[in-house]
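S.K.: If you're matching them up, the sequences are chains E and D in order.
Be aware that the first sequence starts at 1221, since it is given in my numbering, and climbs by one per residue.
Be aware that the second sequence starts at 5, since it is given in my numbering, and climbs by one per residue.
Treat each hint with caution, since some may be false.
Derived pair list, reagent style EDC-like, types lysine to aspartate or glutamate, alpha-carbon separation capped at 20 Å [stated by the list, open to error]:
1) D:LYS233 - D:ASP247
2) D:LYS56 - D:GLU141
3) E:LYS1447 - D:ASP151
4) D:LYS308 - D:GLU33
5) D:LYS527 - E:ASP1399
6) E:LYS1285 - E:ASP1303
7) E:LYS1224 - D:ASP388
8) D:LYS527 - E:ASP1237
9) E:LYS1416 - E:GLU1280
10) E:LYS1395 - D:GLU507
11) D:LYS160 - D:GLU177
12) E:LYS1389 - E:ASP1399
13) E:LYS1269 - D:ASP531
14) E:LYS1447 - D:ASP512
15) D:LYS469 - D:ASP406
16) E:LYS1247 - E:GLU1376
17) D:LYS424 - D:GLU386
18) D:LYS385 - D:ASP356
19) E:LYS1416 - E:GLU1443
20) D:LYS143 - D:GLU91
21) D:LYS527 - E:GLU1376
22) D:LYS246 - D:GLU208
23) D:LYS95 - D:ASP16
24) D:LYS108 - D:GLU133
25) D:LYS9 - D:ASP247
26) D:LYS527 - E:GLU1438
27) E:LYS1395 - E:ASP1328
28) D:LYS160 - D:ASP79
29) D:LYS56 - D:ASP221
30) D:LYS527 - E:ASP1326
To be clear about the criterion: a stretch of chain D counts as covered by chain E if any three or more of its residues have a C-beta under 8 Å from a C-beta of chain E, and this derived list gives those stretches [said to hold, decoys possible]:
31) 129–135
32) 502–512
No lab work stands behind these hints, which were simulated from the structure alone.
Cβ atoms here follow ideal geometry from the backbone N, Cα and C, with glycine treated the same way.
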Amino acid sequence: MRIKVDIETGSMELPIDYRRKFLSYIKSAFEDYNQELYTELYEMGSSPKSFCFSIYFLPEVEIGKEEIILRSKRFTAWFTTPDILMGVHLINALMARRNKWFPLADCDNKLRTLSINNVQERPITANTALFRILSPIVIRDHDNKEMKKDWYYTYEDSEFEIIWKRNLKAELKNKFGRDVSSDINELQIKPIKLRKTVVRNYDIYIPCTIGNFILEGERYLLEYIYKAGIGSRRSLGFGCLDIV
Amino acid sequence: MKSDKIRLTLGDWQWNASVIGFINIVGEENVCHIEADTVEFWPEALDGFENKYFAYFINTYEKTLSWYKIVNFQDRLNTYEENNFEEFDLKALEFLNVYIKDVKRYIKSNSYKAAYELIDSEVELLSFEKQLITIKEPKNQQRFDVDKSEIVNEVKRRFLLLQQIINYCASSEGRRYIGAKNAIYNIINNAWNGVSFLNSQTKEKNIYSDYKSYFVDTATGYLQSEKGKYKYNCFVCDAPIKDMSNDLSFLNATGFDVARKSSHVWNFQNDITICPLCKLIYSCLPAGIIYTYNRGIYINQTIKLKDAVRINNKIKSRILRSQDGSMRPIYHALVSVLHEQENDSAKYELADVQVVRYENESYRFNILAKPMLQIIVNSKKELDSLIRVNFIENGRNINVYDEVIGRIFNNQNLFTLIHKMLYGKLSDASKCYFNGSHVRNVLIINQLICSRLGGMKMDNTYLVKKSREAGESLRNKYFNKDSNHKLAGICYRLLNALKTTNENMFMDVTLNCYLYVNSQVPKVITDALGRGKDFSTMGYAFVSGLIDGQDGSGNKEKKAEGE
Chain E
1221 MRIKVDIETG SMELPIDYRR KFLSYIKSAF EDYNQELYTE LYEMGSSPKS
1271 FCFSIYFLPE VEIGKEEIIL RSKRFTAWFT TPDILMGVHL INALMARRNK
1321 WFPLADCDNK LRTLSINNVQ ERPITANTAL FRILSPIVIR DHDNKEMKKD
1371 WYYTYEDSEF EIIWKRNLKA ELKNKFGRDV SSDINELQIK PIKLRKTVVR
1421 NYDIYIPCTI GNFILEGERY LLEYIYKAGI GSRRSLGFGC LDIV
Chain D
5 MKSDKIRLTL GDWQWNASVI GFINIVGEEN VCHIEADTVE FWPEALDGFE
55 NKYFAYFINT YEKTLSWYKI VNFQDRLNTY EENNFEEFDL KALEFLNVYI
105 KDVKRYIKSN SYKAAYELID SEVELLSFEK QLITIKEPKN QQRFDVDKSE
155 IVNEVKRRFL LLQQIINYCA SSEGRRYIGA KNAIYNIINN AWNGVSFLNS
205 QTKEKNIYSD YKSYFVDTAT GYLQSEKGKY KYNCFVCDAP IKDMSNDLSF
255 LNATGFDVAR KSSHVWNFQN DITICPLCKL IYSCLPAGII YTYNRGIYIN
305 QTIKLKDAVR INNKIKSRIL RSQDGSMRPI YHALVSVLHE QENDSAKYEL
355 ADVQVVRYEN ESYRFNILAK PMLQIIVNSK KELDSLIRVN FIENGRNINV
405 YDEVIGRIFN NQNLFTLIHK MLYGKLSDAS KCYFNGSHVR NVLIINQLIC
455 SRLGGMKMDN TYLVKKSREA GESLRNKYFN KDSNHKLAGI CYRLLNALKT
505 TNENMFMDVT LNCYLYVNSQ VPKVITDALG RGKDFSTMGY AFVSGLIDGQ
555 DGSGNKEKKA EGE
């Protein structure tokens, strides 16, 4: 399910860490809409959320080191989720905020949701699909044991695919009612204009990947990836894809 | 040692129904119950059996016979003549014309013609038929009033003819033969066919003597015969029989032609033959089953014969009582007997009893399991509201009450029925004689059925009520946007999604609807997602709210406001 939300900003300046700010907007929308759902999503430790989003700034826009100048004062948030219920909740939560100004946390700006649209998804009919990365892909290796440190990989690293597939296997362990690890192993990424970029998020600089790529593999996996996004930190505004 | 008395013991349903039919015909006072499932009677009870046989059908089904329709006009005739046609108006004339057409149709039908030959009377009924013509109806009451004296004269002439026809039919012979003919082609042929008076090539024209010679005389002759040398046995009662001539193929939907289909029996040697007495009892089958029009019902209570007689008579009296012209659902009588039991100490007396229905020329069987009875008892209010609910599908009239009970008996849920109802309402509301509250009641009963089958926790009325409200409020929003023309298309898509329980498709459509009217999706919808039956219930209730009153007055007002 794909939801397009048009949002207006109060002023032109947005912090470079805008994902975090927008997340706070979504969180407060959830909190107002359904306390139970909010608790389940954000107050039960690091629970995986079934949606991802990306933000597209409408021209004209200047991206600086510390801030973004959004001359159009408009941006579009794309949400995608494989879970229809989550989509409904998202729409309901944002619907309650339509045409009302809400301040953006810790900065001199405010947001107003203008319109919400349910966008038709493209059907995947073959075993290959050409994806465009809407928001950067984060591949993270979390060291749980000793140092509790995160390692991030971009397409240039040889571990990129290994770690991604390992994480995907863990994610899909109980999703399809059967073991899909062999199908995951078969997945093949063919890069088209992939490149590395570094994103500042919660004061951490995360190296990630943007561009286009072709994914080859079982159709249901392609569909899942199309709807759920790819990589880690998805509910934070990373890993959102679209089919070209 | 076998006494001279004849003993009948309960067996399979068809035999039981025949035994009960036999008891009905000879009267309970002429048999004695010796065990719970056994009765005995003296062979004398078979004296004049053919008269008792037809008398039972004529008396029991009197009001449904075409004969009754003819003679029942006598009262009206008398009233008009008594007050000198003062109250005779255009409506009465129209009624009279309909009656005349019916009478003409009846008295020239073949079964009536056959009966005339048996009635000892000089009157030629067929000659009346030619003289009996309808009276020209004036365009309106004013015209009628102007020409009244002329019309009344015409009517009087018709009444003279009709009086003769009625006298002919109402005579004891007329009742005896025409009534019997009616009973044969309306009632008896539902149970058996092809032999005796129902054999199209029968040589005996008198149906009474035909029945007597084919069934009664052979039975009494068999009773008196010396059976020592008989080497075969009756398939039902195991009595020795002479030959294999009697089989069960005369019963509808039973038996087979042993001469042509020998492969139905082991080693191609037919052993399914019955003794003449059992054949006589089987000929009483139509008296055991209760018929309305072409459908029949029999409750196969097998433990106590007395109970079986009592319960079937109760249903019979209910069916026949409610049959004053209007077609009432056959199940209604059964269900009201079930409801009656609720007050008894034996609350579920009929639990695990077999119900046999005769529909579309075949027998259908159900067991009244206790959970079903509980559903029926618990949803009395909803069921009662559905008694007169009908809709037409592919030119066939469907009674919702019968459908609901039928499905409960078959352990089916009602989703497909609800789907049909809503679909019918969408495509042609003029053929649907129900409104949203009826759909709601079906949904509530369905919810009850689903909860009996397990897996449902939600309060059944709450979910239906809330979902319907959600549908209605969305509908109002569409009306406010003047987009009500979109609703039908939306409902079709929603119904398609519900039919395949495709939640994604359903949500896709509803989401777009709510986005279109800029509102939130109600909690009742999101709550029901992913919960199987609850989702379907919610969906159908939602759609019913969305369609409800599509051409109701409230919407017309709104339309007027919008224009």
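S.K.: Would the hint linking D:LYS527 and E:ASP1399 be met if the CA-CA limit is 20 Å?
M.R.: violated (35 Å)
S.K.: Is the hinted pair E:LYS1416 and E:GLU1443 satisfied, with a Cα-Cα distance of at most 20 Å?
M.R.: The hint is violated at about 25 Å.
S.K.: With the threshold set at 20 Å, check whether the alpha-carbon distance from D:LYS527 to E:GLU1438 stays at or below it.
M.R.: violated (36 Å)
S.K.: Holds or violated: are the alpha carbons of E:LYS1395 and D:GLU507 at most 20 Å from each other?
M.R.: Distance ~18 Å between E:LYS1395 and D:GLU507 Cα, so the pair holds.
S.K.: Given the hinted pair E:LYS1416 and E:GLU1280, is their alpha-carbon gap at most 20 Å?
M.R.: Not OK: E:LYS1416 and E:GLU1280 at ~24 Å, beyond 20 Å, violated.
S.K.: For the pair we were handed, D:LYS56 and D:ASP221, check the Cα-Cα distance against 20 Å.
M.R.: Within the cut-off at roughly 15 Å; holds.
S.K.: Against the 20 Å threshold, does the CA-CA distance of D:LYS108 and D:GLU133 hold or violate the hint?
M.R.: holds (6 Å)
S.K.: Checking one constraint from the list: CA of E:LYS1447 to CA of D:ASP512, max 20 Å. Satisfied?
M.R.: holds (15 Å)
S.K.: Is the Cα-Cα distance between D:LYS56 and D:GLU141 20 Å or less?
M.R.: Roughly 45 Å separates the two Cα atoms, so the pair is violated.
S.K.: Starting from D:LYS160, check that the Cα of D:GLU177 is at most 20 Å away, please.
M.R.: Answer violated: D:LYS160 to D:GLU177 is near 27 Å, above 20 Å.
S.K.: Do at least three Cβ atoms from the segment 129–135 of chain D come closer than 8 Å to Cβ atoms of chain E?
M.R.: That given contact is violated, which follows from only 0 residues of the segment 129–135 of chain D lying within Cβ reach (below 8 Å) of chain E.
S.K.: Taken at face value, is the distance from the CA of E:ASP1303 to the CA of E:LYS1285 at most 20 Å?
M.R.: This hinted pair is violated, its Cα atoms lying about 36 Å apart.
Going through the hint list in order, the structure does not satisfy hints 2, 3, 5, 6, 7, 8, 9, 11, 15, 16, 18, 19, 21, 22, 23, 25, 26, 27, 30, 31.
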